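Asker: The residues making up each chain are set out below.
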Amino acid sequence: MRIVFEKTSYTYMENTPLEKRALHEVSTTFPSGEIIAVIGRTGSGKSTLVQHINGLLRPSQGKVTIGERTVDPKTKKKQIQKLRENVGMVFQYPEHQLFEETVEKDIIFGPLNAGTSEQQIKKQVPMLIQRVGLDESLLHQSPFHLSGGQMRRAAIAGVLAMNPQVLILDEPTASLDPKGKQEIIELLKEWHEEKRLTIIIVTHDMEEVADIASRAVVMHDGRIAMEGHAQEIFEQQGRLEALGLDLPPRLKVLSYISVKTGVPFSSWSLSPEKAATEVNASRKGNKDV
Amino acid sequence: MTAVSFNHVSFRYEEESDWVLEDVNAEIEEGEWVSIIGPNGSGKSTLSRMCNGLLSPVEGEVFIEGKPVRPGEELALLRQKVGMVFQNPDHQFVAPTVKDDIAFGMENAGVPRNEMVERIEKAAMQTGIEKILDAEPHRLSGGQKQRVAIAGTLVLHPTLLILDEATSMLDPQGKREVMNILKDLHRRDRITILHVTHDLREAAIGTRIWLMRFGNIAIDLDSNTMLDQMNQFDTNDIPLPYEFHLLQELRRRHCKEEAGLVKRYIRDGIAL
Ligand SMILES: Nc1ncnc2c1ncn2[C@@H]1O[C@H](COP(=O)(O)OP(=O)(O)OP(=O)(O)O)[C@@H](O)[C@H]1O
Ligand SMILES: Nc1ncnc2c1ncn2[C@@H]1O[C@H](COP(=O)(O)OP(=O)(O)OP(=O)(O)O)[C@@H](O)[C@H]1O
Ligand SMILES: [Mg+2]
Ligand SMILES: [Mg+2]
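Line order of the protein sequences matches chains A and B. Heads up: the first sequence begins at 1 in my numbering, then just goes up one per residue. Heads up: the second sequence begins at 1001 in my numbering, then just goes up one per residue.
In case anyone wonders, no lab produced these hints; they're calculated from the structure. Each hint should be verified, as a subset may be incorrect.
No farther apart than 30 angstroms at their CA atoms in a straight line, the calculated lysine-lysine pairs in the DSS-like style are these [what the hints assert, rightly or not]: (1) B:Lys1263 to A:Lys260; (2) A:Lys20 to B:Lys1131; (3) A:Lys179 to B:Lys1263; (4) B:Lys1256 to A:Lys284; (5) A:Lys260 to B:Lys1131.
All of these numbers come straight from a predicted model, not from anything done at the bench.
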């Protein structure tokens, strides 16, 4: 599903002394079937932006169109309910979306609610928890008795169970161990390959952006500061730095070595093996001279 | 002096359920900075909650600065020494505004008014939350919440600071800022730090690393040595960040000078 923001503004606690404008006339399009990364500093409006896609927030001004459905300041709650069946969201803090007595009940809640039979959805549970790397023994635990990373995995399983056409993940790898991070990124890639859905991922991890996203949107102070192909965005190092953002780690360390030792790398996206080989070759070359 | 001592500590959340910590035996000396890494569910948060009496061992005992941690009146005193930032900051907010929330702990500790104001100002500046002091803690962005939680602990001037994934939602610049605050506290005020993190780049900055697995400290290394013995981590299938992997490859090719450069890059936190 394609998502279009048209002059979308959002103000928290409008008309109170604590009113806070978090989005300023944002206009952008997320093409259908792509993986889009949303990046930007703390408080720049990333979560606010993506919460408009599943109707958790309604624009204060402007509108958002998700596939055939449009949400504007006047859209009724009922219409938004329909939207949620197609748009799944993993919250920044998973404890905000887990609420059932057991992990299993939590995972099947969405599909059950949407009318899938209990028997049918339960058949899928073993596959889902295996894919998110959750131990079967935890299915009958209370979700609130899980560790932080286990909760994250349960929340992801619950959203995947709904088989949404649009999947939003707000910093999904923040509490995962390094192996879990890799596994979840791989899972998202595979899921995308299988279902060709639109995926929107909020992240601070530039390697992740480089690894998974075809497009990236950079938020700054409630506005979109940059957008385009992820690769193109990384090429604009100066602008990224001016926005207080980082370059992917490999680019950072390779340019550091290059500055300190004069090794000329053939590219900034070399594997560690290749980069080390180039360092070695360059040292030998120097000795020969 | 020994700051923390885990003496044959075992723990399970309910009788008959599996052990979450099994016979943990370890000591942290004053002024050490221990980073705890390890898979989800391995017991890192459980172990850190033992240090301020939020949880008590089922077997064994925990000592802070030589005194046993036991339920009762002394816990209040203990919590002034042991500052803890939780994995989910929502769990530690108690007041309607950020400012009051930060003040709350100090009120309990009997800090005089004018000093409270000073401490809040300083911590707010350090953590970059000057502009949100009047906001409601629950109505902040994910990263802002983490900054507030950190500020609320710093103002208490703890001698032992425990951070449970306290920087997980910060942007890279924010992470660097917090790590710099920690470095300062560690160097200047000789605070003991216990830092739970999934980020090896952060973990490499302290003085010591614990890898937890299945409720136990499976590896206990000094951070400097850790970078020389990374194959230990590989075999335990922890994917290494790019720079760590690069360091290994440079060593393999005997590029000593560049390996040294990358090692310092990691140790000094330039990699963050
Ligand atoms: N429930 C709320 N009520 C009032 N203001 C809010 C609320 N949630 C967020 N804000 C404010 O809106 C702005 C944007 O917040 P948002 O959560 O969208 O940021 P973010 O980019 O997701 O940041 P982070 O990376 O820290 O999660 C911030 O200034 C924040 O303080
Ligand atoms: N309140 C609780 N009740 C019952 N079991 C719990 C509770 N909290 C945690 N557990 C279980 O104890 C084990 C250790 O959890 P802990 O939170 O200490 O892990 P962790 O190492 O901090 O993991 P993470 O990296 O995901 O935060 C996990 O298997 C978890 O399911
Ligand atoms: Mg956010
Ligand atoms: Mg934990």
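Asker: Between B:Lys1263 and A:Lys260, does the CA-CA distance stay at or below 30 angstroms?
Answerer: Within the cut-off at roughly 14 angstroms; holds.
Asker: Check the hint pairing B:Lys1256 with A:Lys284 against an upper bound of 30 angstroms on the C-alpha distance.
Answerer: holds, 13 angstroms
Asker: Holds or violated: A:Lys20 with B:Lys1131, Cα cutoff 30 angstroms?
Answerer: holds, 12 angstroms
Asker: Would the hint linking A:Lys260 and B:Lys1131 be met if the CA-CA limit is 30 angstroms?
Answerer: Distance ~39 angstroms between A:Lys260 and B:Lys1131 Cα, so the pair is violated.
Asker: Against the 30 angstroms threshold, does the CA-CA distance of A:Lys179 and B:Lys1263 hold or violate the hint?
Answerer: With Cα atoms ~23 angstroms apart, A:Lys179 and B:Lys1263 stay inside 30 angstroms; holds.
When held up to the earlier numbered hints, the structure conflicts with hint 5 and nothing else.
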